[in-house]
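Student: Line by line, the protein sequences give chains C and A.
So in our numbering, spot 298 of the first sequence is number 298, and the numbers just go up one at a time.
So in our numbering, spot 176 of the second sequence is number 176, and the numbers just go up one at a time.
Derived by calculation from the structure, the hints in this document are not laboratory data.
Fair warning: this is a prediction, and the values are worked out from it, not measured in the lab.
Please note: incorrect hints may appear among the correct ones.
Claimed, not checked - Covered, in the sense of this in silico footprint (three residues per stretch, anywhere, with C-beta under 8 Å from a C-beta of chain C), are these stretches of chain A:
no., segment
1, 86 to 93
2, 109 to 120
3, 136 to 142
4, 158 to 164
Unchecked claim - Straight-line distance between alpha carbons at most 27 Å, and here's what the computed DSS-like set of lysine-lysine pairs gives:
no., chain 1, residue 1, chain 2, residue 2
5, A, 151, C, 47
6, C, 198, C, 393
7, A, 92, C, 52
8, A, 21, A, 92
9, C, 199, C, 393
10, C, 270, C, 130
11, A, 151, C, 52
12, C, 199, C, 392
13, A, 92, C, 47
Said to hold, decoys possible - Some residues of chain C that are not near chain A, with every Cβ distance over 12 Å (derived):
no., residue
14, 39
15, 59
16, 91
17, 110
18, 172
19, 186
20, 244
21, 260
22, 263
23, 274
24, 280
25, 314
Glycine included, each C-beta is placed from N, C-alpha and C at the ideal position.
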Amino acid sequence: MSRRTVVNIGPFHPLQEEAEFFQLYVDGETVVDVDVRISFNHRGIEKLDESKTFDQVPFVVERVCGICSASHPLAYIQAVEEIAHVEVPERALYLRTIVNELERIHSHLLWVGLAGHFLGYNTVFMWVWKYREPVMDILEIATGSRVNYANCKVGGVRRDMTREQLDRIAQVSDELLGPLDMLTRAVLDDPILHARLKKVGVLTPQAAKAYGATGPTARGSGVPIDVRRDDPYAAYDRLAWEVITAPDGDVFSKTVVRLRECFEAVRIIKQCVRDIPGGAIDAHVAAIPPGEGVGHVEAPRGETFHYVRSDGSNRPVRHKVRAPSFNNIPTFKASCIGQQIPDVAITLASVDPCYSCTERMCRVVDAETARPRYTWSDLVRLSQQKTAELRKKW
Amino acid sequence: MTVAETETRVPLEGFVGEVLKELGDAVIEVECCETRRGWARIDPERTVEVAETMLAMAGARLATATALDVRDGIDILYHWAIEPQGVVVTLKVLAERPALAVDSIAGAVPAANWIEREMHDLLGAQFRGHPDMRRLILDDSWPEGVYPLRKDFDQVRDRPPLPPDQTPPDVGRRERNER
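Based on the provided sequences and hints, a complete structural model is requested.
Tutor: Structure follows, in structure tokens:
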């Protein structure tokens, strides 16, 4: 019988600043099983929310994740608005859409940069983060903060945007198209990236459905699901845009989906700026009646799902938060098995796992001695070596 | 109570109605049936069968589940999303006191694996036949039988003591000297 080894990754991750622990069971260079341990940083946000008023909870849940800090509050707010049957003013819906799409662009660009670094393309990492910076700047101009925008509230939004701010947002989004186009062509045309990403970490549509995968992870497997289209919220049903899918389920497909979604996001933002109506931005909700509601939003990484129950008091009785990575990370069981160790780093990264959301870890350990074999930095180094070797051949 | 009897109370209309009809008499009470949202209580004996029927529906996926501490036990809410209709159907099953146990659906629906472990950790719901009921959220040092999301858990009064310090002795000594 061949020897099985366990490779530990984590719990501390030099690239992504949070704790998560993966254990890869490997036979030679091939991964035969994977186990994930999470929750090294559980902050008890669901319990905390039970002690906050309905108006305070958005400020707590936007701190679930520094990147999805527009999606989480919006999902919570939609659940509360479902309980109270609130009619949100039209202008507020457009303002919510703009902030959520800016968030999608900066999150996807962040991922492309990190993916470049994992593969040994550090130029991509530097460039992408340079292009991401103007997006952060306009988020600051429009909402007052680069993260934790405190933009939404039950019944509308907290701050209006002036015409100058909206025009600036449209202009910066428009200026992104050039670099996005350059990046997309660089990825699609690079033979080394094809060799590194195609047929790597394949997630079949059946596995995506069984594990409940969402967002680019599902759409990269050709599963055309998108909450923005299927259960429209904010102003998405008033705008022209497309759900991006790619058929192959490999890391390449997920990359293509994310890059093309940035173009769609720019398209959505420009239409919002053009079409946004005037008027009120807040429905002034006075009280939340007893009841229960669900809200879900297409965050950059997939569907974020919130459940809220009210007993008629001013605080939620129960608030459940389910971030997209909680469903996407278990898909490693389907996508990592059969992979070579150098390909695992990018496969694990391909769902854009968000630790603060799911908040949890992976390691490669020796199955006989149970001693750690590789750290995450070893895996990144192996991954970068593999690219370097491919480069020499081409 | 069967679906036929409850129809007088909540009419099963539209796509959500079709979904609930497909579950047949496993549905014991329909609480709400709207265009995009459905809320129903199902027979605790038939959770696995219902989960299999739901997963087999085109476009259905288990979005997540929520556990609630209620008077008679723990209410487990399975949220099923169905696309492209954009529907969320929530199926409730009560795990009654004192056993607080229901059948696990993780064998039939892989997406339920983690969330059932989470509900077991935080609220103490028991899932019969779960393939891998290790801790997911709580630290290994957390005491058995203390469930932080229960309503009677007080964050100040009931907080368990911190686990013993596992810092190697020489590291601790150096830090103390610096201080």
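Student: Provide an ascending list of the numbers of those earlier hints which the structure does not satisfy.
Tutor: 4 and 14
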